[in-house]
Amino acid sequence: MALRAALRSKCGLPGLLSQLSSHSSHARVCVSPVLVAQQRNNSTTPKVKVEFDQSTGVAVMHMQSPPVNSLSLDFLTEFCINVEKLEMDKTCRGLIITSSQPKVFSARLDIMEMYGKSPERCGEFWRAVQEMWLKLYSSDMVTIAAINGSSPAGGCLMSLTCDYRIMADNPRYSIGLNETQLGIVAPFWFKDTMVNTVGHRTTELALELGLLYSPSEALKVGLVDLLVPEDEVLTTATKTMTKWLAIPDHARQITKSMMRKPTIDKLTSKREADIQNFVSFITKDSIQKSLRMYLEMLKKRRG
Amino acid sequence: MALRAALRSKCGLPGLLSQLSSHSSHARVCVSPVLVAQQRNNSTTPKVKVEFDQSTGVAVMHMQSPPVNSLSLDFLTEFCINVEKLEMDKTCRGLIITSSQPKVFSARLDIMEMYGKSPERCGEFWRAVQEMWLKLYSSDMVTIAAINGSSPAGGCLMSLTCDYRIMADNPRYSIGLNETQLGIVAPFWFKDTMVNTVGHRTTELALELGLLYSPSEALKVGLVDLLVPEDEVLTTATKTMTKWLAIPDHARQITKSMMRKPTIDKLTSKREADIQNFVSFITKDSIQKSLRMYLEMLKKRRG
Amino acid sequence: MALRAALRSKCGLPGLLSQLSSHSSHARVCVSPVLVAQQRNNSTTPKVKVEFDQSTGVAVMHMQSPPVNSLSLDFLTEFCINVEKLEMDKTCRGLIITSSQPKVFSARLDIMEMYGKSPERCGEFWRAVQEMWLKLYSSDMVTIAAINGSSPAGGCLMSLTCDYRIMADNPRYSIGLNETQLGIVAPFWFKDTMVNTVGHRTTELALELGLLYSPSEALKVGLVDLLVPEDEVLTTATKTMTKWLAIPDHARQITKSMMRKPTIDKLTSKREADIQNFVSFITKDSIQKSLRMYLEMLKKRRG
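Residue numbers (our numbering), protein chains in the order written: chain A, 1 to 303; chain B, 1001 to 1303; chain C, 2001 to 2303.
For the record, the hints were derived by calculation from the structure and aren't laboratory data. Take the hints with a grain of salt, since some may be wrong.
[What the hints assert, rightly or not] Listed next, the in silico BS3-like pairs over lysine-lysine satisfying Cα-Cα at most 27 Å (straight line):
| id | chain 1 | residue 1 | chain 2 | residue 2 |
| --- | --- | --- | --- | --- |
| 1 | C | K2085 | A | K220 |
| 2 | A | K117 | A | K220 |
| 3 | C | K2289 | A | K266 |
[Unchecked claim] Partial pick of chain A residues on the chain B-facing surface, computed with a CB cut under 8 Å:
| id | residue |
| --- | --- |
| 4 | V198 |
| 5 | R201 |
| 6 | W244 |
| 7 | M259 |
| 8 | P262 |
What you are looking at is a predicted structure, and each value in this text was computed from that prediction instead of being measured. All C-beta atoms in this analysis are idealised placements derived from N, C-alpha and C, irrespective of residue type, glycine included.
Turn these sequences into a full structure, and let the hints steer you where they fit.
Printed below as a string of structure tokens:
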């Protein structure tokens, strides 16, 4: 079943390329790092818009970094500052994360942050990815991912940190940690977060094959909790939040910490080593060559 | 799905109160600590009745502590003495636990043991709860929970320690570790036992929301193993026991120990710290105030 | 559900005996150690036949040790040598394991290796079982079990080490770690492998009861990944392998190692103690007596 998902998936490297050329209206929505590069020059616009309703204590964070909310250093920095602000505001009890970009919740880590950059810069980027995960996975707020589009790799990781995941029931969208398909490896804390959500075997299969799941497959394996029509994702998230906020905060927060602390402590204690691992892996000639070929092939296809 | 269970659940604090006033015939059977307090003066009657059939090697333990078999210090002490007796009797190979009280298997920990008591007394109570868990979770006997009524909180914990759980298929009954809904927190060994049964994610969701599951929902997530009509719970448990006793005891016991020892060792090594944690949490002014308000609201509703 | 599987199972000791006498055409295919002993004198024929297709990089290993591919010391030695050869051949990227024997993939550990043997010999045997597991569970190759027959005990363990399990959809076949039914105990690393595949609770139930699952039950609990008609097992394995080999080897291998290393390290660090445990258990008078009675009963039935 899960394998069939992988086989059908169009979001691996070859599939991605074929989609860019075929413009198939039924293809899943995948993400091109070239597009990211071309449209990243609008740095004056905030990449994240926060609407906080003091009457309900719920903030909605709209990711609006065109075209696909990929996780660049700038994006992550702005994202984390906003999460921290809300975390420190004791009147804010719940956070809904959603996307303002069409067809995508959040794409993968921004490949441009990994290609042709200095080790120092790569390390700084990786620390920001860790920070995003640490802030969300340990948040005292109720966190709900309102997944209104595709959510591969880093987008999936972000979703997995939340307390609850509601996804648009659109078969063109997909979600999963598909790093392996690009020749890179999901680090141990991506893996731990996924094991905590869907168990060891589903994670093994998903990560070895770099599986992207359709919404219904993701629901079946437990990668998301609820599917709703696309235009009801945010309203359902809001209704769901109301139910979560009926639970006493203190007891819920202690419980959440009890469930997640061992996983969080593991990264915290190995954070510097994890950065070193990432930097030495990503700056390898072979990996840089892969990334360059990948980017060049994308350019060529679009040329 | 699990969330929907939570939302539909009527056994949180507000739901419990509304049930006491509405007397809805379709409400799930929940448990009032006031009732417990009012009816606890029949202390001369044994709180546990044991029927041991030497021809089969199977003991049936009927919990008969009116009205709802809540886990008081007296109840736990009597319960543990009886389990220990059976454990030491090498002719006893199987134990079925069931309830003589209508509509309830066993309710939560007795709130009266946690309200207005000295730290010493609270510590003594908590040690007895640990003892019940340790005795059952490590039992060499085959243990089957014949869950013929609602089984929230402590009752759910007791069920989870057994080798097999058979529940009455009555949608008015519910089962779950719903501590969070009352503002208290299931300790790590409640959590570990539940993770061992239904996995990490289902446990996270259940404990953060204090979910109570209907029998069919409990079966779906694996919280119970089998549903049967209410009047067949005990006979099915007896038949099931026969099948379990066909397995060579020694190999089964070693296997059971292998599966459970790490979880048991964890509490054993942290037992005193866990008691201290409980005592300092439960004797906090804020928690005592919550419990008092809870009890007063119940009285008022019934006044 | 799983319990019903156990109850229906005909492959426990009594069931096995009744099958030998009844020749029921609907009985599951179980394995007699006496047959193994009687037919083990064809030691000149290789017990394993390897077909390696250099154009695809895929090797198919046919187990052909009559009658039931039971795991004897000779078989394991030959098996491990062949796996190691393929592992060291960098042109070999995928390994499919299947059986040339009718109705059985691989039966249990060879009981004749455990009965009436010296402690030294028992220890040598156990080290070979460990070696098989270590080699397969840590293999850099993509490994697929093409389970074209029953696969109890050791055969199930071998299947569990693979990356993917495809089983013949024939209700006469069964799969499971059923050691407990014979009065012996699956060691911790059998247990760990099963927990990694189907989770803690399913493993607890399966190992305590020595459950053998029908193919459809095995699929339901996740013990196998795919069922196909019996004559399509190998062709489906080959097609599936093509899909796995589309994933970049290096990223897949690092990911596989990340998922499995803790479990492998655990046996590696306790290997000698595990051998000692096995030897002292299996050479016990009581266990030897059980094995003798078992073998004698089988002879008598067939006499």
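Are there hints from earlier that the structure breaks, and if so, what are their numbers? As far as the earlier hints go, 1, 2, 3, 5, 8 are violated by this structure, in ascending order.
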